[in-house]
Amino acid sequence: MVLMAGLCVKSLHLKFPDSSEVARQGHNSRQASSENGGNDEERTPLSQQELLEVTEDEMTCTTNLKTPSASTLVTMDEPPGTVSTAGAGGGGGGGGGGGIYFASCSSSKPHHHKLGSYLKRHRTFLVSVALCLLAWIVFAVVTLYTVAELRIQCRENVNSGLLLDSVRSSTTTTTDYHPGRAESSGGNLDNSTTRSVSTSGGASSSSPSGLAPPEGVCTTFECVTTAARLIGAMDFSVDPCHDFFNYACANWNKEHIIPDDRTSISTFEVMADKVQIQLRRLLEEPDNNVTSEAMKKAKLMFSSCMNVSEIEQVGHGPLNAVVARYGNWPVASSAPEARSKWVEVKNMSVEELIATIHRDLNIVIVVDQWVGPDDKDSKKHILQIDQPDFALPSRDHYISPQWSKDLDAYLQYMIDVAKIFGHVNNKTVRKEMKAALQVEIDLANFSAPEAERQATRSALYNKLTLQQLQDQIPEFNWTLYFKTLLGYELDMSVEIVAYGLPYLKSACVAIKKIPKRALWNYAVWRVVMEFVPHMSSAYLGARADFHKVLMGVSQQRARWQQCIDFVNDKMGMATGAMFIRDHFKPESKDKALEMIHMIRKAFVELVNEQTWMEKETSEKAKEKATFMNEKIGYPNFLVNDTALNAEFDTLVVNEDVFMINVARLYAFQTKRNLARLNEPVDPERWTTSGPAIVNAFYNPNKNDIVFPAGILQPPFYSASYPHSMNFGGIGVVVGHEISHGFDMKGRQFDRHGNLKEWWNNATAQAFYKKADCFSTQYSEYIVDEVGLHIDGALTLGENIADNGGLKQAYRVLGPLSNMPEFSKAFNCPAGSRYNPPPAKQCSLW
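Just so we're aligned, residue 1 is where the sequence shown starts under UniProt numbering, counting upward by one.
Quick caveat, the hints were computed from the structure, so don't treat them as lab data.
Incorrect hints may have been included.
[Claimed, not checked] With a cut-off of at most 30 Å between alpha-carbon atoms, the simulated BS3-like pairs for lysine-lysine come out as follows:
| # | residue 1 | residue 2 |
| --- | --- | --- |
| 1 | K516 | K405 |
| 2 | K769 | K296 |
| 3 | K431 | K548 |
| 4 | K615 | K379 |
| 5 | K620 | K591 |
| 6 | K769 | K622 |
| 7 | K615 | K419 |
| 8 | K622 | K601 |
| 9 | K376 | K622 |
| 10 | K770 | K601 |
| 11 | K601 | K405 |
| 12 | K463 | K380 |
Go ahead and model the full structure; you've got the sequences and the hints to work with.
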């Protein structure tokens, strides 16, 4: 039951905006680092009365489905591979692992005319549709299997009115989970009901009628409110064998309206909203009780971000100072002094320009560079280079006519900002910005589609010395580039890992042929674009106009929300330290760890049963699962002020202009990353931004799974929940992340996090054959409202992880290893939507 309650954390319905808008999401940064079954009997889905016949053991429903990480795009015309980890965007190990944005109950709004773009960027909506067809089947299995088994046992208890009255009384005195309202772990129901303090699931409480609660019935506050939320989300008029998604979540959708500043609303977003409100309170409260300097710096950063009057007063003066470092912005240099400044820097080389911008501001242009674990020697940090991310969501946006409206909006955005910056208003601005945009279009053309990059990680990896790199790409002065970036000259024998060499060769040749003014306009534009969100209202207005087209939102988020997002992303360990001290108890770690060990054991059991794996590979797979390192809640140093302060000791934050603080922060990030060169990799170091985030990760370079405190919250997890509720909620997330270690990308790394081929040929071929089943299956799923297909190839890694994660969670809960239980529980006939022929069912783990 709890499975469906948690699932309806994010249900799916569509809200179509004006046809000029299209839903999108942003892109990531590298450095951040079933079997057949059923019969033809008459279907008898359970009634609302029967669903109230719940014991603790019945509350075993799971919480979420999984969507691809933010760097994964869904496209109709290009079948890329998948990204299971988002840290390096497919190009290295510099960042953290792959994140999740689960889709259980959610509401999304795509565009009619640009649904392809929507499918490409808004994976929360996309994968919700696809995975509901599979994951909801499994959710129902647990729910109905346990209900069917225990219905007779429980009926006498329900007739006494115990649980029913508890639910009714709780719904009259408690409020469902809602952003901005902290969920209470205590509190009274009504005067006639006493809540049990036990968290074992076998606890009892006094019933309204004065009867002793029956053994095995969970009547704690958490169980009762979860049951109420479950029932409130469901629509019992829907045939579960035809549309299980709406059967479980239709009423959730009706009760959650999509805000004008978003393209969707989901339980993950609801949870994130709650975390934001908690962080706001912590960041705004007086410093009296704050002993950590790192926390004080985070609070100062937030307060300067919120000082809108100061931001408006200084205008773009601070931005002028930043841009002046690179010879001003040619397109906006109409004044004589600006033109002379531009002339002065014409002697600066391209290598010096892009290296200086990266060093000063951590902004990537032409060549991406970072220091991260060596994919083939995960204990060592090494310099790495790759193709960069571009301003628009994907390569296709620059080269396919399908995205021409987005490209036009991007050009207009560039023109509008240039006019605001330089107080110019003439035809030359459009001409110059079109030339600058053409630079980005050319570079995007040189880049490889994500499909090619994810198919075989080892094909991307090239380790070579600086001398060898210079010999292969002589058109670019790599020695000068690294000297400018690092502040010292590298020995020519220093090793560097280069990904995407074809791009690097083409791009480095091309930029030497591009007119310098066009290249400078583009480079400085990327600098200005990075600072626009932190500027005055004139700049924010231009950005909002662009986002109306690109993201399909009619309003921008509230200022305080944007400031929380920024500070939590850039100073996540400081904000996270504040969060875990108020909102995450240490004992929650122990219970979560116990559950993870049980789910991992279930995965090992699944591996044991696979007949398609050769024994040698099977043994190594079990070793890798056993060696996975768990990071739960938060890194331990966050409770030590001295260690926490050391993380931000060189960062200067003052109560002055926000943009100055932002520039300092960007420089601090680059300096901190480059300082890791030649240092050993700390296996205990978190590569995520911080613990106050609603997400989970798998990091292949360290073979670790990360579950921040932000996601270890109700309704997914609580230390006071019975085991069944936690397995049904966060348990599926845990299983999902474990499965990422064995998907298309993760399987290429061994138990130590090294890129290594440890699968024998026979097993690898069998894996790809089974994986192709998922790719074909998901590609056949259609978004009914627009008649477009999902790209099963691009979402393959996520689909594999979803299926594996669900099975592992259920293995802990009971003997449910295959899918026929769903069709049996609901009496779905063979060949129906959720009981397809065996040939169309896919299974890997």
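Results for each hint:
At roughly 28 Å between alpha-carbon atoms, K516 and K405 fall within 30 Å of each other, so this suggested pair holds. In summary, the hint linking K769 to K296 is not supported, as the alpha carbons are separated by about 54 Å, beyond the 30 Å threshold. About 24 Å separates the Cα atoms of K431 and K548, which keeps this hinted pair within 30 Å; it holds. Distance check on the hinted pair: K615 and K379 sit about 28 Å apart at the alpha-carbon level, within 30 Å; holds.
Proximity of K620 to K591 is assessed by CA-CA distance (about 28 Å); at most 30 Å being required, the pair is judged to hold. Note on K769 and K622: the hinted pairing holds, with a Cα-Cα distance of about 21 Å set against a maximum of 30 Å. For the hint linking K615 to K419, the alpha-carbon distance of about 66 Å lies beyond 30 Å, and the restraint is violated. Restraint check for K622 and K601: satisfied, since their Cα atoms lie roughly 9 Å apart, inside the 30 Å limit.
This hinted pair checks out: K376 and K622 have alpha carbons roughly 21 Å apart, not beyond 30 Å. Distance hint between K770 and K601 is fulfilled; the C-alpha atoms sit about 23 Å from each other, no more than 30 Å. With a CA separation close to 50 Å, the supplied pair K601 and K405 exceeds the 30 Å bound. The straight-line distance between the Cα atoms of K463 and K380 is roughly 13 Å, inside the 30 Å bound, and the hint therefore holds.
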